[in-house]
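First to last, the sequence lines map onto chains A and B. Quick note: the first sequence, position 356, residue 356 per my numbering, numbers continuous. Quick note: the second sequence, position 158, residue 837 per my numbering, numbers continuous.
Treat each hint with caution, since some may be false.
Said to hold, decoys possible - According to the in silico footprint, chain B covers these stretches of chain A (three or more CB under 8 Å from chain B):
1) 34-46
2) 180-189
3) 204-212
4) 257-269
5) 580-588
6) 598-610
If you are wondering where the hints come from, they were derived from the structure by calculation, not from laboratory data. Beta carbons are placed, not taken as given, at the ideal position from N, Cα and C, and that holds for glycine.
What follows is the residue order along each chain.
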Amino acid sequence: MKIYNTACPRNCYSTCSFKVGVEDNKVLSIEPQPLNKATPKGVCLKGLSYVERTHSKDRILYPLKKVNGVFKQISWEDALNEIASKITNFKKDYGNHSILFYAASGSSGLLNEVSSNFWRMIGGATTVYGNLCWPAGLEAVRLTLGDTKHNIAWDLENAKLIILWGKNPAETNIQQMIPIEKAQAKGAKLVVIDPRRTASAERADLLLQAIPGTDAILALAIAKLLIDNQQVNHSFVKEHVLGFDEFKHSLSDLSLEFASQECGIPVYLIEKLAHWIATIRPMTIVPGYGMQRFSNGGQTIRCLLTLQILTGNIGKSGATFHYADIQGDIFSSVKEPMSYFPPDKPTGVFRREISTARLGEDMMKLVQPELKMVWVERGNPITQNPDSAKVKEAFRKLEFRVVVEQFLTDTALEADIVLPAKSMFDQSDIISSYWNPYIQFKPKVMDAPGEVKPETEIYYLLAQKLGFDVAEIEKYIPKSDDESIRNWLTEKLKPFPEISLEQLEQGPCLAPGLQEIAFDDFKFNTPSGKIELYSEYAKEKWDVSAVPSYEKTLENKQHSNHKIQLLSPNTKNRIHSQFGNLDLIKTQADDPFVLISYRDAKNMGLRNGDILRVFNDRGELKIKAKIDASLRPGCVSICNGYWHQEGACPNTLSKGRETDMGYGAAFHDCMVSIGRIEN
Amino acid sequence: MSTELSVKNIFVFDANKCVGCGACVVACMNENGFQSPVRWRNIHHSNDAHLPTLPLFYLSLACNHCDDAPCMNNCPALAYSRDESSGAIIHDAEKCIGCKYCTWACPYDAPKYNDSKGVIEKCTFCNQRIAENEKPACAQLCPVGALDFENIEFSAEESLKSSPVDVAIGAHFKRIELRSANGPEIDESLFEDVPKNIPVTKKQKINAAKEWPLVVFSLLISGLVALVSVQNELAVSVSKISLLALGIIAGVLSTLHLGKKQGAWRSVLNLKNSWLSREIMAFTVFISLLAIDSFVYPVKPVILITVGFVLLLSVDRLYEIAMWKWPFKFSSEQTVLIALSAIFLLSNYVILFAIIALIRICLFVLQIILKKQGIMVIHVLRIMFLTTAIFGAYFSLNFHILLQVFVVGELLGRIDFYNNLDVPTPTSELN
Chain A
1 MKIYNTACPR NCYSTCSFKV GVEDNKVLSI EPQPLNKATP KGVCLKGLSY VERTHSKDRI
61 LYPLKKVNGV FKQISWEDAL NEIASKITNF KKDYGNHSIL FYAASGSSGL LNEVSSNFWR
121 MIGGATTVYG NLCWPAGLEA VRLTLGDTKH NIAWDLENAK LIILWGKNPA ETNIQQMIPI
181 EKAQAKGAKL VVIDPRRTAS AERADLLLQA IPGTDAILAL AIAKLLIDNQ QVNHSFVKEH
241 VLGFDEFKHS LSDLSLEFAS QECGIPVYLI EKLAHWIATI RPMTIVPGYG MQRFSNGGQT
301 IRCLLTLQIL TGNIGKSGAT FHYADIQGDI FSSVKEPMSY FPPDKPTGVF RREISTARLG
361 EDMMKLVQPE LKMVWVERGN PITQNPDSAK VKEAFRKLEF RVVVEQFLTD TALEADIVLP
421 AKSMFDQSDI ISSYWNPYIQ FKPKVMDAPG EVKPETEIYY LLAQKLGFDV AEIEKYIPKS
481 DDESIRNWLT EKLKPFPEIS LEQLEQGPCL APGLQEIAFD DFKFNTPSGK IELYSEYAKE
541 KWDVSAVPSY EKTLENKQHS NHKIQLLSPN TKNRIHSQFG NLDLIKTQAD DPFVLISYRD
601 AKNMGLRNGD ILRVFNDRGE LKIKAKIDAS LRPGCVSICN GYWHQEGACP NTLSKGRETD
661 MGYGAAFHDC MVSIGRIEN
Chain B
680 MSTELSVKNI FVFDANKCVG CGACVVACMN ENGFQSPVRW RNIHHSNDAH LPTLPLFYLS
740 LACNHCDDAP CMNNCPALAY SRDESSGAII HDAEKCIGCK YCTWACPYDA PKYNDSKGVI
800 EKCTFCNQRI AENEKPACAQ LCPVGALDFE NIEFSAEESL KSSPVDVAIG AHFKRIELRS
860 ANGPEIDESL FEDVPKNIPV TKKQKINAAK EWPLVVFSLL ISGLVALVSV QNELAVSVSK
920 ISLLALGIIA GVLSTLHLGK KQGAWRSVLN LKNSWLSREI MAFTVFISLL AIDSFVYPVK
980 PVILITVGFV LLLSVDRLYE IAMWKWPFKF SSEQTVLIAL SAIFLLSNYV ILFAIIALIR
1040 ICLFVLQIIL KKQGIMVIHV LRIMFLTTAI FGAYFSLNFH ILLQVFVVGE LLGRIDFYNN
1100 LDVPTPTSEL N
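Isolated chain A, as found in the complex (with noise of 0.2 Å):
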């Protein structure tokens, strides 16, 4: 058996490293690489579950047409005629922007880029902007400190107060709990702020379960006590912190009471808590990426950071806004969130003018060109992206549709033709963190099974089915031999002399000019060079307060019918819809379900394995409901990821609507009802 250094390339915090082992080209074995300070003890479920999942019977192995409504097995030869033959067909009638290119974050690495570069070459496409995730926070961040980024990952032992803000670890970053319990052991206390009783907040010594969407306010009541109790690290903000005094000023009305009641927590906790954030040092605050994806997430985000900026927790050892560390993302020219922002001068090339967000709604849309084809990879739009009955209507709507897939998801179900996709396995590549501080290699540690070619090779081959050149394909896309992969690679490493592609064989880097303690040099990118607490920027581009305010969620303005809040986090079993059709991932979860209150459920007579109805104006689910004692009354939860397959994909009942910042999707924020199903 083969041993070799890789990593987990899944859009996920850990990124982990582990060692794979191969023999007769099938991935036997999984262990961990211990180089990797942040996830030195090994993958969870899902990374162990890679022996089945590159060899699962489910796995698509060759092209598959879609025949009568059902998918035949084709050779590349026809496949890729007929794609090339729709592509000539739509550029000639309609132009190149009838054809939308839609990737996600199926799969991460610098390889991806040949995908647009291909796109590019052929004349252009329309693509997307905004992103599903975490734009909204990192743009609160950016405006905030003037760049994301945090303490490297294990530093988090050294904080005497953590507070879990709407994060999960547990379930979605499981090694960051080793650093919490190593913190813990060590006599810091652990407060985590969720509507659930999380496997996160077991251990802890706090747990606030505030109304969803309200976290805004329960900071800003937090910053006003601190402010009223004389609790303020003021040498701090005098030098390196901009607009206190507004920020102040904007928190001259708000009681604690009024707080108190938006938030649902009683004040006797709100003060406890401000206590213990006033007077333990240092602290970190570690939000998800839940509360951003409300209509109001940015600002939640900004709110949030007041705390850490009042009590001067930044640019310390344990103290840090534990939000994301784009530091290992040294490649991308534009970075994030910016790069996910409309162009202001479009190139012409490139039409970006649907928002993620708002998928399916935009596709139909948008005119000269109407959208046509569709081309998805790494992706799984119709069940991740909000509002599902309008993408599914709106990928009907079109001509043509191709998904690179490794399994039938609802996605390549809507295929015209569906093309087999790599795993992480099957080709070499280098990907970075939003977690941990490393740049990684993941090597082709096989050859592709069956008739499964890399996007490289797919996008190669079909620009010579359009009439391109070698040579001209060769300006935008490497030949998908080992030397040329491994050549293109070491060409992108060209400019970071500390790292080569044999020291990232050896195991995980370090990302070069990593600051270790975020922001220890008290710099800060921001126009004005200071923490912005306000923001002129942030008034002009997104039109809120220049100062972390608190708005209603939309949904709730709204005042519908609908008073139920719906949650769809993330759980262990799954990276968004990924993993979950897997009969090892299966021993570990149940059967679809969604999560009630004892409240909720005793209000109307359900029981453990009813079947609930959650319904909205937007759709209907019937599930299994699982009775929570814990969950806060008010709430159902369903977790993200779902397949309508599986019936129950949360995104039948999310509304396709974008953030306050960043361009994010605000799925999040998410009113439905409820009613019990009569036998």
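Here the structure of chain A is known, so what remains is to put chain B in place on it, guided by the hints.
For chain B alone, coordinates are given in the frame of chain A:
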């Protein structure tokens, strides 16, 4: 046995670190093959209903490879052995007859019955990895270091202290206790309507419905031994052949619950340790004697009766391992007592019958009071039938009706007995 070893291979589990992620279970399947529907390693947790006022914590368990392994001691077919180099308790599926007796014996729920194969399977300590100087897969791949594997000195006292079930069998399992056994402080006013305690519906490992062949078997042999004992005093004569037939029916019934019936002969291999082996041996001798008595030459009744009672005694002893939480390892529904009652009833010793029956009622009531378990309707009916039998015998009720009352009463009693057998499971201990 490696009981004397001071340095042992043990699992070390830190309750502060485990978040119930399931990686250990998946790691086990990657190493040892896919397991469905039962898995060798399981993550148990407290607070099943997730009550806000109670803490929730996890416990990852497979086999603890105990020094005094009850699975191995009790296996009638000698399917278990200890791998001397790793200390692992290894189960050999080839030798297993699928009687499931080890699942009653193990307090950690380690032996898993695989219905499709008809045999037990269980954790091997990954002894193939230990031989290569590597940790078992589950311990090696816990992403937060909650489950680990060490080769250290580990005393019996430490083992007992760590055991999730209060039983001293030298489990190779060390548990690092929670720093704080409380859940987080919360706003309890949100949950005013949630009860402070919801009784957990315990999943009984053994119940009468599942084990009905055993219920019938134990009643049949009690009756058979009684009939053999009183055959000369009965008003109606019972032929030897029909007694033999009854015995054979009982025998066939008892093999019904075996997963691998063709291996039934192996069940007498562990006479040295297992009451199940002894019972099966006693049963075989008893039936053989009945056959000899019927076809070859008469066997002295005293021999038949003695062997019969040895058989019943071993039946009663074999159930002791399923009486973990019983106040005393003795029941009013022991087969010996059933047989004695039947003997006195059949031979019309009304006073002796009444005395035994009264003792049994008292025992039964005491059991109910102390165990606080079982279905009240069955309890009441059981007492009613036994009481009726006493009065019936005293007032010389029609013998057939009396017999029916007695048999129904014993059936109820035996059903109640099976339903109240308990084998601790880690989950039931945590809740």
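Verification of the supplied hints:
Coverage of a stretch by a chain is defined here by at least three residues with a beta carbon nearer than 8 Å to that chain's beta carbons; for the segment 34-46 of chain A and chain B the count is 6, and the condition holds. Figure legend: the segment 180-189 of chain A, annotated as covered by chain B; annotation consistent (3 residues with Cβ-Cβ distances under 8 Å, at least 3 required). With 6 residues bearing a CB less than 8 Å from a CB of chain B, the segment 204-212 of chain A meets the requirement of three and the coverage assertion stands. As drawn, the segment 257-269 of chain A meets chain B at 4 residues by the rule of a beta-carbon pair under 8 Å; at three or more, the given contact holds.
Against chain B, the segment 580-588 of chain A contributes 5 residues with a C-beta closer than 8 Å to a partner C-beta. That satisfies the three-residue criterion, and the hint holds. Requiring three or more residues with a Cβ within less than 8 Å of a Cβ of chain B, the coverage given for the segment 598-610 of chain A holds, as 3 such residues are present.
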